[in-house]
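**Q** Each protein sequence line maps, in turn, to chains F, E and S. If you read the first sequence in our numbering, its first letter stands for residue 1, the second for the next number, and so on. If you read the second sequence in our numbering, its first letter stands for residue 1, the second for the next number, and so on. If you read the third sequence in our numbering, its first letter stands for residue 1, the second for the next number, and so on.
Please keep in mind that the hints were generated in silico from the structure rather than gathered at the bench. Keep in mind that this is a model prediction, so the values were computed, not measured. Cβ coordinates follow ideal geometry from the N, Cα and C atoms, glycine included. There are no misleading hints in this set.
Partner residues aside, some chain E positions facing chain S, computed with beta carbon under 8 Å:
{"#": "1", "residue": "GLU25"}
{"#": "2", "residue": "PHE27"}
{"#": "3", "residue": "PHE36"}
{"#": "4", "residue": "LEU76"}
Cut-off 27 Å, straight-line C-alpha distance, at most; resulting in silico cross-link-like pairs (DSS-like, lysine-lysine):
{"#": "5", "chain 1": "E", "residue 1": "LYS31", "chain 2": "S", "residue 2": "LYS291"}
{"#": "6", "chain 1": "F", "residue 1": "LYS24", "chain 2": "S", "residue 2": "LYS491"}
{"#": "7", "chain 1": "S", "residue 1": "LYS494", "chain 2": "F", "residue 2": "LYS13"}
{"#": "8", "chain 1": "F", "residue 1": "LYS42", "chain 2": "S", "residue 2": "LYS491"}
{"#": "9", "chain 1": "S", "residue 1": "LYS494", "chain 2": "F", "residue 2": "LYS42"}
{"#": "10", "chain 1": "S", "residue 1": "LYS491", "chain 2": "F", "residue 2": "LYS13"}
{"#": "11", "chain 1": "F", "residue 1": "LYS13", "chain 2": "S", "residue 2": "LYS520"}
{"#": "12", "chain 1": "E", "residue 1": "LYS31", "chain 2": "S", "residue 2": "LYS282"}
{"#": "13", "chain 1": "S", "residue 1": "LYS206", "chain 2": "F", "residue 2": "LYS42"}
{"#": "14", "chain 1": "S", "residue 1": "LYS258", "chain 2": "S", "residue 2": "LYS428"}
{"#": "15", "chain 1": "S", "residue 1": "LYS286", "chain 2": "E", "residue 2": "LYS24"}
{"#": "16", "chain 1": "S", "residue 1": "LYS461", "chain 2": "S", "residue 2": "LYS198"}
Chain by chain, the residues run as shown.
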Amino acid sequence: MDLLSTILDLRQKQFAHLPEDLVKDIVRIEIDYAEDRTEALKRVEQALERYLNSLPENKTC
Amino acid sequence: MIDDKKTIGLTPENRSVMDRIMEKEFFREQKDAALFAMAYAINQGVPAGNCEGANTIWNVGSLDPEGEIRSLVGNLFPDVVLPYRLTEHLINAGLALIGARMAADPGLDLTDFLEKEQASFTPQ
Amino acid sequence: MLRIRSVHLCDFGPFKGEQRIDLPKEDGVVIVYGENMRGKTTLLNAIRYALFGRVLTRGSVEVQLHQLGNWESAADGKYGFHVVLAFEQNGDTYELTRECRVRSGVSKPASNADYIEESFLTKNGSAMGPQEAVLELGRIMPETVSRFFLFDGELLQQYEELLRNESEMGRQIKEAIERILGVPVLTNGRADLAQVHKQAQHQEAKAAQRNQKTQQLGNLHAELLGQREAMQQESARLRQDLDRLRGTKTAKEEQAKKQEMLRGLLTLRERLQEEINSLDRKISEKQDKRKTLLTTAWRSLLVPRIKAFREHIEEQLRVAREETTRRVIHAETTEAIRKALSTGSCSLCEQPIAGETKERLQNRLGEFEGTPQTAASDDRIPSLERQVSELRRYQTDSSIAVLHEISGAINDFRVTKATSEDRLRELKEQTAGLDESEVRRTYAEYEKAVQEIVIVENGLKVHDAALAEIDGNISRIESELGKKGGSDLQKERKRREMAEGLRSLFEEGVKVYRDHLRTKVEKDATTLFLDLTSEPEYASLSINSNYGLTIVHKDGTSIPVRSAGAEHVVALSLMGSLQKNAPLRGPIIMDSPFGRLDSVHTRKVIHTLPNMAGQVLLFVYESELEPKLARNELKGALRREYRIERQSARYSKVEKVV
Numbered sequence: 001m002d003l004l005s006t007i008l009d010l011r012q013k014q015f016a017h018l019p020e021d022l023v024k025d026i027v028r029i030e031i032d033y034a035e036d037r038t039e040a041l042k043r044v045e046q047a048l049e050r051y052l053n054s055l056p057e058n059k060t061c
Numbered sequence: 001m002i003d004d005k006k007t008i009g010l011t012p013e014n015r016s017v018m019d020r021i022m023e024k025e026f027f028r029e030q031k032d033a034a035l036f037a038m039a040y041a042i043n044q045g046v047p048a049g050n051c052e053g054a055n056t057i058w059n060v061g062s063l064d065p066e067g068e069i070r071s072l073v074g075n076l077f078p079d080v081v082l083p084y085r086l087t088e089h090l091i092n093a094g095l096a097l098i099g100a101r102m103a104a105d106p107g108l109d110l111t112d113f114l115e116k117e118q119a120s121f122t123p124q
Numbered sequence: 001m002l003r004i005r006s007v008h009l010c011d012f013g014p015f016k017g018e019q020r021i022d023l024p025k026e027d028g029v030v031i032v033y034g035e036n037m038r039g040k041t042t043l044l045n046a047i048r049y050a051l052f053g054r055v056l057t058r059g060s061v062e063v064q065l066h067q068l069g070n071w072e073s074a075a076d077g078k079y080g081f082h083v084v085l086a087f088e089q090n091g092d093t094y095e096l097t098r099e100c101r102v103r104s105g106v107s108k109p110a111s112n113a114d115y116i117e118e119s120f121l122t123k124n125g126s127a128m129g130p131q132e133a134v135l136e137l138g139r140i141m142p143e144t145v146s147r148f149f150l151f152d153g154e155l156l157q158q159y160e161e162l163l164r165n166e167s168e169m170g171r172q173i174k175e176a177i178e179r180i181l182g183v184p185v186l187t188n189g190r191a192d193l194a195q196v197h198k199q200a201q202h203q204e205a206k207a208a209q210r211n212q213k214t215q216q217l218g219n220l221h222a223e224l225l226g227q228r229e230a231m232q233q234e235s236a237r238l239r240q241d242l243d244r245l246r247g248t249k250t251a252k253e254e255q256a257k258k259q260e261m262l263r264g265l266l267t268l269r270e271r272l273q274e275e276i277n278s279l280d281r282k283i284s285e286k287q288d289k290r291k292t293l294l295t296t297a298w299r300s301l302l303v304p305r306i307k308a309f310r311e312h313i314e315e316q317l318r319v320a321r322e323e324t325t326r327r328v329i330h331a332e333t334t335e336a337i338r339k340a341l342s343t344g345s346c347s348l349c350e351q352p353i354a355g356e357t358k359e360r361l362q363n364r365l366g367e368f369e370g371t372p373q374t375a376a377s378d379d380r381i382p383s384l385e386r387q388v389s390e391l392r393r394y395q396t397d398s399s400i401a402v403l404h405e406i407s408g409a410i411n412d413f414r415v416t417k418a419t420s421e422d423r424l425r426e427l428k429e430q431t432a433g434l435d436e437s438e439v440r441r442t443y444a445e446y447e448k449a450v451q452e453i454v455i456v457e458n459g460l461k462v463h464d465a466a467l468a469e470i471d472g473n474i475s476r477i478e479s480e481l482g483k484k485g486g487s488d489l490q491k492e493r494k495r496r497e498m499a500e501g502l503r504s505l506f507e508e509g510v511k512v513y514r515d516h517l518r519t520k521v522e523k524d525a526t527t528l529f530l531d532l533t534s535e536p537e538y539a540s541l542s543i544n545s546n547y548g549l550t551i552v553h554k555d556g557t558s559i560p561v562r563s564a565g566a567e568h569v570v571a572l573s574l575m576g577s578l579q580k581n582a583p584l585r586g587p588i589i590m591d592s593p594f595g596r597l598d599s600v601h602t603r604k605v606i607h608t609l610p611n612m613a614g615q616v617l618l619f620v621y622e623s624e625l626e627p628k629l630a631r632n633e634l635k636g637a638l639r640r641e642y643r644i645e646r647q648s649a650r651y652s653k654v655e656k657v658v
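Construct all of the structure, not just a fragment, from the sequences and the given hints.
**A** Given below as structure tokens:
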């Protein structure tokens with residue numbers, strides 16, 4: 001089982017309240033920016049922010 | 001009448017012997033070695049005599065504070081009238097004998113004298 | 001997957017002028033044959049140079065750039081070199097050029113300073129900017145993991161380091177393995193999410209502070225977060241100290257091992273000196289006792305003579321006393337007879353004396369008066385008595401037996417001392433040129449590190465306990481904010497909870513993935529190993545937390561020590577297993593991979609190579625791997641053969657064979 005499958009499997013079993021797409025995004029970011037930690041952190045924050053903004057309670061008209 | 005000696009000394013040769021004995025760390029003081037040499041001389045049957053050329057080392061009062069030596073020598077040699085003169089002679093004679101034995105056997109242990117000499121003594 | 005298409009060299013090492021090795025698109029094995037000193041290792045180094053700008057030689061020593069150019073070209077006045085590496089990954093094509101050229105104005109370069117080095121990377125035909133290129137290359141082939149792709153048969157011992165838990169090299173290799181297996185993706189994710197969570201908590205605190213209802217809680221929250229931040233920094237500092245101290249301890253242990261022999265000699269030297277000192281003390285004590293006894297021992301010498309002389313005097317005294325007694329009796333008897341004759345009666349019974357008795361008494365008196373008496377010896381007796389008394393004083397207890405025993409003991413001590421002194425002299429000669437202070441310093445530094453580790457560990461325990469308490473308080477406040485906070489806090493709370501959840505997921509993910517990886521690496525390495533080894537009693541490989549592999553016998557016991565050949569096979573098994581399990585895949589390029597292997601194992605490795613990686617490039621010499629054997633074993637998997645031909649001592653040429 002590769003890295004992504006391991007994390008997604010674990011999410012499903014123990015952290016089902018966490019959104020799968022967000023988890024995939026974060027793993028992708030960490031793979032792509034393994035050598036640029038500053039950029040990786042920035043993009044993880046952005047991914048989380050995007051997710052929060054997409055929630056119905058946070059959407060603004 | 002001649003007075004007995006007030007000081008007791010060693011000849012230069014016996015002074016060297018004394019130094020060699022003291023190097024062996026058997027005696028605390030030279031006078032202990034001197035009395036040992038005297039006793040050894042008596043045991044070896046050294047007859048009464050005189051010692052010439054001795055340089056003063058001890059005062060008789062320091063060598064024989066209680067008069068024990070004087071009394072002993074006087075008893076063992078009743079014909080001698082100057083016991084300290086005899087004592088000086090016996091000490092030097094004894095040192096000469098010990099010196100000769102040390103020259104023949106540099107590793108000589110003086111405690112062996114005691115056993116051997118006791119074993120070899122025959123009363124007259 | 002990374003696939004090399006070609007290696008193009010110009011004046012690099014013995015490869016004068018432009019030379020090229022092309023590799024096929026398809027999976028398979030390419031073999032480059034070359035005798036010793038013809039440039040096989042240089043080809044491996046050309047790839048290393050292109051990717052990382054460095055060249056390593058024996059013992060992983062970096063070679064100076066200005067020594068890399070071709071000597072024949074240099075003799076012709078042509079300096080500098082370049083390497084172009086063409087490769088592809090995930091559908092993208094790349095061309096990496098790294099060159100080293102002489103600075104303008106320099107006619108005869110003598111050091112690195114006389115050269116300029118440049119590199120260019122194109123992706124799909126377009127040049128990439130320098131920063132971009134560095135990041136891209138770091139993503140494609142990080143240098144830290146290169147040892148699992150560029151395999152040098154001379155560097156096997158580094159794989160043994162994985163078996164030692166605290167070695168620095170072992171730690172570096174473990175990090176490299178985890179890197180290649182992708183673990184940093186999760187550990188970095190964990191770290192980033194921890195940071196995001198921390199920031200989310202601060203944002204929540206600020207939002208709470210802005211609202212009157214939750215201001216107090218918000219203030220407290222912010223304060224606790226601040227305290228925790230400070231404590232975490234302190235913890236991090238303590239952990240850094242601990243790592244440093246552990247590193248020092250390990251380094252000193254390794255240093256001490258090397259110095260073990262010297263330390264042993266020094267300890268022995270100290271012990272001998274102590275022994276000698278102790279013997280000196282004992283000898284001195286015994287001598288002192290002997291001196292005390294010998295102060296009066298001269299008396300012992302004279303005891304028999306004095307005793308004999310005393311006995312002789314005692315005999316004289318006895319005789320003198322007898323004579324005195326006889327004389328006294330004689331005088332008294334004579335006087336009594338005279339008195340009886342004059343008084344005419346016995347003085348004892350008072351009877352009259354007459355007639356015959358009187359005549360007898362007169363005759364007796366005549367006899368007595370006629371007998372000569374010896375001279376009076378009375379005055380000798382006191383003198384003799386005094387002599388005896390004086391001579392008795394010389395009866396001393398014999399201390400001869402004790403003296404003899406003491407002398408014996410002194411001699412024994414002296415013999416022992418002489419032996420110890422001889423040995424000490426030898427040791428001093430042995431250790432004369434050695435740096436003893438270095439040994440003592442190593443030991444002292446080791447001890448200091450051990451003590452400091454205990455202090456720091458204890459400090460960390462206290463710290464961690466305090467941190468746990470603060471975390472508990474923070475959680476309670478966050479729970480309260482959740483209840484009391486309005487919609488303005490909702491988003492911040494959601495952000496915090498999300499970040500916390502994600503961080504926990506990645507935290508757990510690291511453990512699960514690591515366990516999973518070790519199991520997989522162990523399983524795949526075992527499969528490869530059993531294919532490669534010819535020993536039927538080897539059952540498997542067992543992996544430790546550092547990815548070190550131990551051979552397991554079929555009876556379940558581990559094989560603790562391995563030959564270089566076995567190390568080779570285990571290392572290849574690990575490499576093959578990593579290739580199978582790593583998200584990062586690439587070619588395996590091996591220089592002299594069979595040097596330590598016999599023909600049986602060589603055949604087995606050759607047979608297994610196509611399974612280890614898609615693209616395999618081997619640099620070998622013919623007696624190491626016969627071309628015929630390679631062709632027979634690989635068959636269709638052998639895609640191409642090259643040969644390095646000698647042109648001159650400083651010029652080699654790569655020729656394609658097949």
